[in-house]
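Chains as they are written, first to last, in the numbering used here: chain V, 1 to 191; chain D, 1 to 202; chain L, 1 to 315.
For the record, the hints were derived by calculation from the structure and aren't laboratory data.
It cannot be assumed that every hint is accurate.
[To be verified] What follows is a list of derived Cβ distance ranges for each label pair: (1) V64/D with N66/V: 43 to 49 Å; (2) S142/V with G156/D: 36 to 42 Å; (3) K68/V with G156/D: 41 to 47 Å; (4) F45/L with K193/D: 41 to 47 Å; (5) R308/L with W10/D: 45 to 51 Å; (6) F164/D with K68/V: 49 to 55 Å; (7) M1/D with E70/V: 53 to 59 Å; (8) M39/V with E62/D: 34 to 40 Å; (9) G156/D with R172/V: 28 to 34 Å; (10) M39/V with K3/D: 41 to 47 Å; (11) Q95/V with S90/D: 19 to 25 Å; (12) K47/V with E198/D: 56 to 62 Å; (13) L299/L with S90/D: 43 to 49 Å.
The model shown is predicted, which means the values in this text are computed figures rather than measured ones.
Glycine included, every Cβ here is placed at the ideal spot set by N, Cα and C.
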Amino acid sequence: MKNKLTDIFANSVVRMIVALAIVGTVSGAALVLVYNYSMPKIKVNMKADTERAIKDIFPQTDKIQNTKEEGVFKAVDSSGKLLGYAFLAEGNGYQGTIKMIAGVDGSITTMNGMEVLESQETPGLGAEIADDKFRKQFNGLSLSHEIEYVKNEKPQQPYEIEAITGATISSRSVVHILNKRIGEIRKALKG
Amino acid sequence: MIKDLIRGLWRENPIFVQVLGMCPTLAVTTKALFGFSMGIATLFVVVSSSVVISIIRKLVPEQVRIPMFTVIIATFVTAADYFLKANFFSISKALGPYVPLIVVNCIILGRAEAFASKNSVGRSFLDALGMGLGFTCALIVLGSIRELFGFGTIFGFQILGDGFEKWIIMILPAGAFITLGILVGVFNIIDKKMRARERVQG
Amino acid sequence: MKMLTINVAPHVFTPVDTRYMVRGVIKALIPATCASLYFFRWQAFLVIIASIAGCVLTEYAIQKFRKKQITLGDSSAVLTGLLLALVLPPVLPLWMAFLGGVFAIAFGKEIFGGIGCNIFNPALLARAFLMATFPVALTTWSQPITLDAVTTATPLGLIKFGGAATPYMSLFLGNVGGCIGETSAIALLLGMGYLLYTKIIDYRVPLAYIATVAVFAFITHAINPKLFPGTPLFHILAGGLLIGAIFMATDPVTSPVTAKGRWIFGIGCGLITMIIRIWGGLPEGVMYSILCMNALAPLINRVTKPKRYGETREK
Chain V
1 MKNKLTDIFA NSVVRMIVAL AIVGTVSGAA LVLVYNYSMP KIKVNMKADT
51 ERAIKDIFPQ TDKIQNTKEE GVFKAVDSSG KLLGYAFLAE GNGYQGTIKM
101 IAGVDGSITT MNGMEVLESQ ETPGLGAEIA DDKFRKQFNG LSLSHEIEYV
151 KNEKPQQPYE IEAITGATIS SRSVVHILNK RIGEIRKALK G
Chain D
1 MIKDLIRGLW RENPIFVQVL GMCPTLAVTT KALFGFSMGI ATLFVVVSSS
51 VVISIIRKLV PEQVRIPMFT VIIATFVTAA DYFLKANFFS ISKALGPYVP
101 LIVVNCIILG RAEAFASKNS VGRSFLDALG MGLGFTCALI VLGSIRELFG
151 FGTIFGFQIL GDGFEKWIIM ILPAGAFITL GILVGVFNII DKKMRARERV
201 QG
Chain L
1 MKMLTINVAP HVFTPVDTRY MVRGVIKALI PATCASLYFF RWQAFLVIIA
51 SIAGCVLTEY AIQKFRKKQI TLGDSSAVLT GLLLALVLPP VLPLWMAFLG
101 GVFAIAFGKE IFGGIGCNIF NPALLARAFL MATFPVALTT WSQPITLDAV
151 TTATPLGLIK FGGAATPYMS LFLGNVGGCI GETSAIALLL GMGYLLYTKI
201 IDYRVPLAYI ATVAVFAFIT HAINPKLFPG TPLFHILAGG LLIGAIFMAT
251 DPVTSPVTAK GRWIFGIGCG LITMIIRIWG GLPEGVMYSI LCMNALAPLI
301 NRVTKPKRYG ETREK
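Excised from the complex, chain V in its bound form (with noise of 0.2 Å):
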């Protein structure tokens, strides 16, 4: 049993502030150590994650330069000429968001592929839009025209590609993502 003068002690207020400030402020401090050792691993992680989908659509890149344009990169082989853009592009798929790296040649006329950073897709079905046999089909794809999907057959045109049989709404989320964004970084690289 405690005696009635460490009870009002217990209970006072200056001794619950002071004790929830100990312990937020050594939490602090803690962090920050912590977020100073790794921020730096975080950063060259991430940035290694973008190179190398962009180094695997552009595979004779040396050197990734930013351009004006937020989320747009230029990809330039060893001797300085310029293979084209990547640019990260996201928006809505079937669950959550899609997140993709996709590369167009220097005057955005032709894609050079696509690679997905981030998806939630059903796996098996629309997750499929990360395997190679649905994203090859964006390698060389025409941007002549926006681009379109057909169902269930082999598309006819150059800007066509085939939806995944199931998964319907993934491969459409797919497409509409990438023309929304190759729209627009034409018209700010344009202007």
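Chain V is already provided as a structure; the job is to place chains D and L on it using the hints.
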């Protein structure tokens, strides 16, 4: 002392008996590796927060103990999250928001409130270690079963042949519920038999 | 298993028992089964056999394991297997049909304590499981008689994704792509006639269900025939509506027992079916609509429970 450790592994297993921490349990166990990583991250948080809380347990004012525990837990969770992002980037990406969500995992606050705030540092450490290991084991079992049927692999190793048709439901939330239900049932059957034997011997 | 009784009073003894009802439903399914054998030949036959085998063997194994009385004699496992097979596509690999049967009995029925204790219709539950597990196999169809494999060739798929209509006569006879037993409207209606005549099912659920679908289709079609091409007759005949309304939604275990409750149940099924058919991502919504309403059935029973004589409101 040893009892404190064993309790979390079997008789009070956080998943199969207490049915706590269902959010990560159901969400990240699509593959055994994800279950394992999630388990280890949780193990780290539950052990370190239990130890710290046990150390300061006599200094904590009764009325603000929950906010204080939460701040301490959140600190360790954030540290674990940054650590994973810095060193295991792909795993961190796969686990997504569920690492930060360890904060709200009832197992951790539950141990802090029910055990660490009342017992010595040594016992709290063992208790948290047992709970963390019990949680990790359960997640690995769950993840292995789901990965086996959903992808035909366990920890990425091909188990089922090429002719295997993937059971997509096992990677979906419904598969998590079905598998967990079966496991809890099997756990209860084994536990019942063990208790019956103990009674005979005792 | 006397704990879960959701029936309301009065409990009158009749010679109508489980066995009688199950046999009656199986008899009522004979026309649909024959039609399926005619349209989908050996494919239908094998799927039906595989599905029934899965159900019967599982029921036997579980009851043996749990040391309970073997109740195969009431044929309810056979009925579940047959119903499941009739809502599966004819080209389904046989082991999947077998697995569906195992799931129907193990997780649809026995896990709740056996016949009469389940929440969801076991056959539909198993179909939902197969649909989620093997989505591609469950949406691969074959043309009737020629048995050519095709995708999205059900009338509902055609109208939803291709805007093509199917002649009513084909829908009525069943000469269209679809699940084994759902295509032939005439065969299913014959079965309904038998069930209503022998009073095994109540007219309320099928009537409310089908009428709701018809009214819904009529209104949407009248508002904008281009956007909603399905006419009331099309929506009644196409897809699994008839087999669902006649054989699945009337399951005495998983549907309400009160008269008012049955109206509510049927209307709810109809609404959900049409919402999925018109605005959903899938062409067909009968399965999910019945499963959703199954979950609500105990609640509907509670709400619509008739007042006992002299009963006053609880305090």
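Structure-based check of each hint:
1. In this structure the hint that V64/D and N66/V lie 43 to 49 Å apart at CB holds, the actual value being about 48 Å.
2. Against the hinted window of 36 to 42 Å, the Cβ-Cβ separation of S142/V and G156/D comes to about 38 Å, which satisfies the hint.
3. For K68/V and G156/D, the hinted distance range of 41 to 47 Å is satisfied, since their beta carbons lie about 42 Å from each other.
4. A hinted range of 41 to 47 Å holds for the C-beta pair F45/L and K193/D, which are about 44 Å apart.
5. Taking the beta carbon of each, R308/L and W10/D are about 50 Å apart, inside 45 to 51 Å as hinted.
6. A beta carbon spacing of about 50 Å between F164/D and K68/V agrees with the range 49 to 55 Å that was offered as a hint.
7. Under the hint 53 to 59 Å, the C-beta atoms of M1/D and E70/V, about 58 Å apart, fit the expected range.
8. Restraint check, M39/V to E62/D: a C-beta distance of roughly 37 Å satisfies the suggested window 34 to 40 Å.
9. Against the hinted window of 28 to 34 Å, the Cβ-Cβ separation of G156/D and R172/V comes to about 32 Å, which satisfies the hint.
10. Remark: the range hint 41 to 47 Å for M39/V to K3/D is upheld by a beta-carbon distance near 42 Å.
11. The supplied range of 19 to 25 Å is met by Q95/V and S90/D, whose beta-carbon atoms lie about 21 Å from each other.
12. Taking 56 to 62 Å as the suggested C-beta distance range, the pair K47/V and E198/D conforms, at roughly 58 Å.
13. Between L299/L and S90/D the CB atoms are about 45 Å apart, so this pair conforms to the stated range of 43 to 49 Å.
Checked against the numbered hints listed earlier, the structure breaks none of them; every hint is satisfied.
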